[in-house]
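Protein chains: 4
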Amino acid sequence: METMNGQLNRKLRMALVGGGQGSFIGRVHSIAACLDNRAELVAGALSSNPEKAKASAPAYDIKPDRAYGSIEELVEKELALPEDQRIDFISIATPNFTHFSIAKTAVEAGFNVICDKPMTFDLAQAEELKSLVEKSGVVFAVSHNYTGYPLVRMAREMILNGEFGEIQAVRSNYIQGWLRSRLEEEDQKQAAWRTDPAKSGAAGAFGDIATHAYNLGRYMTGLLPAEISCNLKIFAPGRQLDDYGHAVIRFQNGAMGTVTASQISHGRENDLFIEVDGTKGALAWRQEEPNQMIVRRNGQPHSIYTRDPNAPFMNESGAAACRLPAGHPEAFFEAFANIYRSAFDAMINRISGQPFEPKNTIYPNVYDGVEGMFFIQQSVASSQENGAWLPFQCESARS
Amino acid sequence: METMNGQLNRKLRMALVGGGQGSFIGRVHSIAACLDNRAELVAGALSSNPEKAKASAPAYDIKPDRAYGSIEELVEKELALPEDQRIDFISIATPNFTHFSIAKTAVEAGFNVICDKPMTFDLAQAEELKSLVEKSGVVFAVSHNYTGYPLVRMAREMILNGEFGEIQAVRSNYIQGWLRSRLEEEDQKQAAWRTDPAKSGAAGAFGDIATHAYNLGRYMTGLLPAEISCNLKIFAPGRQLDDYGHAVIRFQNGAMGTVTASQISHGRENDLFIEVDGTKGALAWRQEEPNQMIVRRNGQPHSIYTRDPNAPFMNESGAAACRLPAGHPEAFFEAFANIYRSAFDAMINRISGQPFEPKNTIYPNVYDGVEGMFFIQQSVASSQENGAWLPFQCESARS
Amino acid sequence: METMNGQLNRKLRMALVGGGQGSFIGRVHSIAACLDNRAELVAGALSSNPEKAKASAPAYDIKPDRAYGSIEELVEKELALPEDQRIDFISIATPNFTHFSIAKTAVEAGFNVICDKPMTFDLAQAEELKSLVEKSGVVFAVSHNYTGYPLVRMAREMILNGEFGEIQAVRSNYIQGWLRSRLEEEDQKQAAWRTDPAKSGAAGAFGDIATHAYNLGRYMTGLLPAEISCNLKIFAPGRQLDDYGHAVIRFQNGAMGTVTASQISHGRENDLFIEVDGTKGALAWRQEEPNQMIVRRNGQPHSIYTRDPNAPFMNESGAAACRLPAGHPEAFFEAFANIYRSAFDAMINRISGQPFEPKNTIYPNVYDGVEGMFFIQQSVASSQENGAWLPFQCESARS
Amino acid sequence: METMNGQLNRKLRMALVGGGQGSFIGRVHSIAACLDNRAELVAGALSSNPEKAKASAPAYDIKPDRAYGSIEELVEKELALPEDQRIDFISIATPNFTHFSIAKTAVEAGFNVICDKPMTFDLAQAEELKSLVEKSGVVFAVSHNYTGYPLVRMAREMILNGEFGEIQAVRSNYIQGWLRSRLEEEDQKQAAWRTDPAKSGAAGAFGDIATHAYNLGRYMTGLLPAEISCNLKIFAPGRQLDDYGHAVIRFQNGAMGTVTASQISHGRENDLFIEVDGTKGALAWRQEEPNQMIVRRNGQPHSIYTRDPNAPFMNESGAAACRLPAGHPEAFFEAFANIYRSAFDAMINRISGQPFEPKNTIYPNVYDGVEGMFFIQQSVASSQENGAWLPFQCESARS
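Chains as they are written, first to last, in the numbering used here: chain R, 151 to 549; chain W, 151 to 549; chain E, 151 to 549; chain V, 151 to 549.
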């Protein structure tokens, strides 16, 4: 297990933007970043309300003089610090509509970034951000955190190695129930911004969770999309954004993909599950039971691959993402931490003046962020055109 | 548990068409029909090859003089028998392309019929058959056997009673793997006719299994369809009919349905599963584990309803479909037998000169058969038009 | 699939003793016996109350002249019939305390017998019955029906073939909840006799269900027992027989077995499950999900063996016990029917004057019945002696 | 979610004893202790080999001057530090045989302690340690980490509140397979000391894992034991300590408990599972799927309680142990961290001069440690006396 940062010989210093009271994801970022003892949270702009920003700092053990009132202040004051105190990276855990300007400010100042998904408010912002990242050369990760699960990474390596043959079908689903009723009317902060087109963007469920489901299939299989047809629904009366939807995707190799997202399915918690069919085998994985994956091949007993870093069947990507032996379950925090762990490796390379792969990274990056925004844009557009097939070749996509 | 046929005071007499050597479904029909000791198999036209028809009879304990060489011979000779020996009903267990002429002959002769699905080769035949059934007044059941599972019937009653509120989403899937390779090239009789457009009809997987998945959702929810968009695929090189496909259905009440069918998913056996989302609750059921159904409601623990005929939570339809107490699993044969059981009740009414409901029956009937053929026709047509939305209001549909 | 009885060329004729109104198991016997169309129920002594015996006959489609008032009448009148009408075997589905005299009468008259378990009221009766069976040469099966599941038979063949190495631990459990409250006080016939020492014998839960659990382990592994220590409990106040209990068994090869039985575990239905540990592998099987078995080997993914008669991994015993392809679940009735199927093969041999194996049969037999009674006797005795180790080498046991 | 330590207004300072290269549990302690950002690891005696102790420090980010070579050095030098730098607590993550002297040194110096289980090498040490803790007044927790799972704590509160009625049966199992072969011969450090009586103590599997299983039942139910009967086995040829065993426990209220532990069950990873039967309900929980618990009550659908801190059904103990909303799985690290979290609350009270409950704590404590050693001692003694019933009333036990 890694702990320190090799030749760097110190912890990486983190700033958190967002994460003030009422935030769920800010805490996740700080725990995930620090889990391996490779980083410490030293600064923050925890709220767009400067007073609340200050007040939230003690809960993160952030010193008062580094509890800033805005990203601008954060960047300015951190740049003014000696290099050996200055932060190394900024984690963005704010509502969607603010991601772009925060990320832009951070990237232009040369800070590495871990940004929540969807990466921006719309595709144009995403494309611009991609250019900025390319220009600045920072490490930029996007928190498609479900790609951090060891068995997801094992599956990806197996698929890319051809162990399942040609991939022909991908069924990716993300089913929740928490927005069954109009929580956004009940002063529930999470629900409020996610259902508000001014803050969430063009899509509701499709922006919030279908992007994860789509990304998971893309990440696992490497299949490149060609066309998309989508139908979105609003089932909760009066809501402004989709709370249910379904897309069909034609991949360039002829495979068929389906993405289903729901926020109105009673009792479903965070049920991201995926099935992949290849000519040589098929797999199924479910986020709520992340320590096992089912692999099936005709004529053989079904195989349950457990997250076992010491097993002969575990491949390198999978093993590298484990922290505990088999039977000692790992879960959400550890997967999230694996995004950080992989991004940290790239950051250390950058800090040390060594090259690092920018595009086909083990962690989701700015190109995946662009593709996610493209997915949202084309899904919404197709739905508005009665489910018409729209082109969906994303130039920026990872291979 | 029923055993005898009430006022009729005798077993019903059955003839089987199809079911010769190599047939899987013929044996299922005979076991299912006789399971409750309410019917006996006394006659058959077990093969279209007269010699094979004779040769197959002993395995069913059919006497040589009632082992006929064709449906025509069967009808002619049975009609010539005294009424107290003559068969009461004919079960049709032949490949799709022969259903219509057999069923027509049987119905016109006044025999009750249990017919395999899909009911006919095409929609025109189905419509004609419906008219013939209406004219003759026979009992006509279609073997959408999965509707016979006790928990499916319980779910239907719960939904129709409003226990799940307004239904908004239905996700119905039927995933198999047995046609992953081109078994039809290897002298496998089942595979051969099912992949042959001249015998199976316009669709492959969509005719063979998506019809079941669609029917299951319709049966459970009672939702009426409005439009359908479908995309079919042939993944096994050289195959003539779809082995994978996906349809989106808009129901008249605004609900969204999806139907996915696959015959190329490694290791998947007969995995019909359905999820239904309503405003007051959601359910999930899986054919391969038929003795339990999951019901979820926000804010409550998830509920596993087991097939327990004595439990307070079990409703009338569910209990009536059980033969064993909880924990003593029931399965495929018993569900299939429940189609017979329900059809027998109608037959006894008919034989006794009493009225019986022709359309909204507990068992799948000729109207469901017509709707199934309409589903296949519009799915194929939509797929040929690149997934265009096509009208899908079926006039004959049960409510 | 078998249907007719080979060279015998006719159905076997069955008489049922017990099974009158309120009986659950009588109906199971008749359905199981007739499932494959190899037998027909033609006679019965359905109740010890002659009037009720007559009244129950129509529900089984037994003709009035063969609805007898007692086993004595049944035997006498059947023996008086011409051989080509006379019954071939008698199924005994009555409370425990009556098994012996019924079976004795049947066996001495030369009829084959299928007898419910536990086989007799006490061990002395069991030993005597064994001698009678040996003398008469009839086929005698005991309805340890859970041994009829295809995957149980597959497991047995795998274990006996050494695929799991030396067996070192067997954990067998049978957990129910239906006697949580004192149903026997509420005019529930099943509960009444099972909790009455005069009718059930020396044990309650241990006689009713622990015998199944013990038998399942013995059947699967072939391990021979050496010693037993047992502790029984009565948790429902006022009950006379154990409703919970636990035994530890030392097998002759040094393996350790545990048997746990409960009838007071809320919500547990019929949860017979077993785990077997060998030096080369381990397996787990659960009766409520009988179509799958989990096989584990260190360093390999866990394997789910499904009941797939066509799979390369399915062995001969397993395949022979299947009636349906994979994914079309089989369950309780079919397993029960497999006891009949195997016993029928022996009966046909006997009727045809051919030899048949009496002891190490694929179906549970009179020797297993004796061992079951020995298990009950020693369990109760050990419990009365505060869990002392008692000898448990059963001379009559199958190898 | 807690982060800082209330009125204390600083992180607690931790020292780790053990955890050098090859250690699994040392890393778990450091991650668990720091997960909530309430503590920081500042000192260590990471190995009994002083050089290795120094060499292991960087991996934990421990400064060289606080990387000590022994517990004695650690205590001496830390006591010499100013109070505002000195450690607050010592975590002991060494093999069993060293726990006592380390803990004694720590406790006598007035440091709070988190000690691995089993707490000591034998019962006499445990009793002495208990006295020392009582005298010194330190906070002393024992890492029966499985009690930290939110659903375990929810279950405990439900049971102690009487929601399951009187508890009558507890079946607790801990099944592993990793010691199937003699890993201890292959230079596997974990296996080596655990199978060595000089280092592990009187028991192998029973000391290592059965103690957890026993403790889990005790913690959940609060039942007090009266007598124990145990049978231990060594299945791996040449091994010196039990690798399989089984105990039966009579509780003072008349309930029956069983504890089964195995380290030789192929493919079983870390399968701790428990079933509890009460007069009003029953529950089942499995460590490998810790985010759900099954609750059953006769006549009701089975209930799956998920770890949902916001659900109406979640009680206070359960909710307080959660860090993430439902569907975002939590696992091993978080449960372990909950032991720390609860102990930290007590430490803060102690540091602040406020009283704290010493015995009936939410975290496992020195009294549980004593009971665990008593469990091991009586299990081994009973097994040596052929499974005789031995008294098992532990005077020190929590109520």
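Calculated from the structure, these hints are not laboratory results.
In this text the structure is predicted, and so the values were computed from the model without any measurement.
Just to be clear, a hint being listed does not mean it is correct.
Because identical chains cannot be distinguished in the list, a pair is counted as satisfied if it fits within a single copy or across any two copies.
[Unchecked claim] Computed cross-link-like contacts, DMTMM-like style, restricted to lysine to aspartate or glutamate with a CA-CA straight-line distance of at most 20 Å:
| id | residue 1 | residue 2 |
| --- | --- | --- |
| 1 | Lys161 | Glu335 |
| 2 | Lys509 | Glu201 |
| 3 | Lys202 | Glu439 |
| 4 | Lys349 | Glu313 |
| 5 | Lys509 | Glu316 |
| 6 | Lys202 | Glu258 |
| 7 | Lys383 | Glu316 |
| 8 | Lys213 | Glu190 |
| 9 | Lys161 | Asp272 |
| 10 | Lys254 | Glu439 |
| 11 | Lys339 | Glu284 |
| 12 | Lys202 | Asp421 |
| 13 | Lys254 | Glu438 |
| 14 | Lys161 | Asp211 |
| 15 | Lys430 | Glu336 |
| 16 | Lys430 | Glu335 |
| 17 | Lys213 | Asp234 |
| 18 | Lys202 | Glu377 |
| 19 | Lys349 | Glu223 |
Q | Which numbered hints fail | A | 1, 2, 3, 4, 5, 6, 9, 10, 11, 12, 13, 18 and 19
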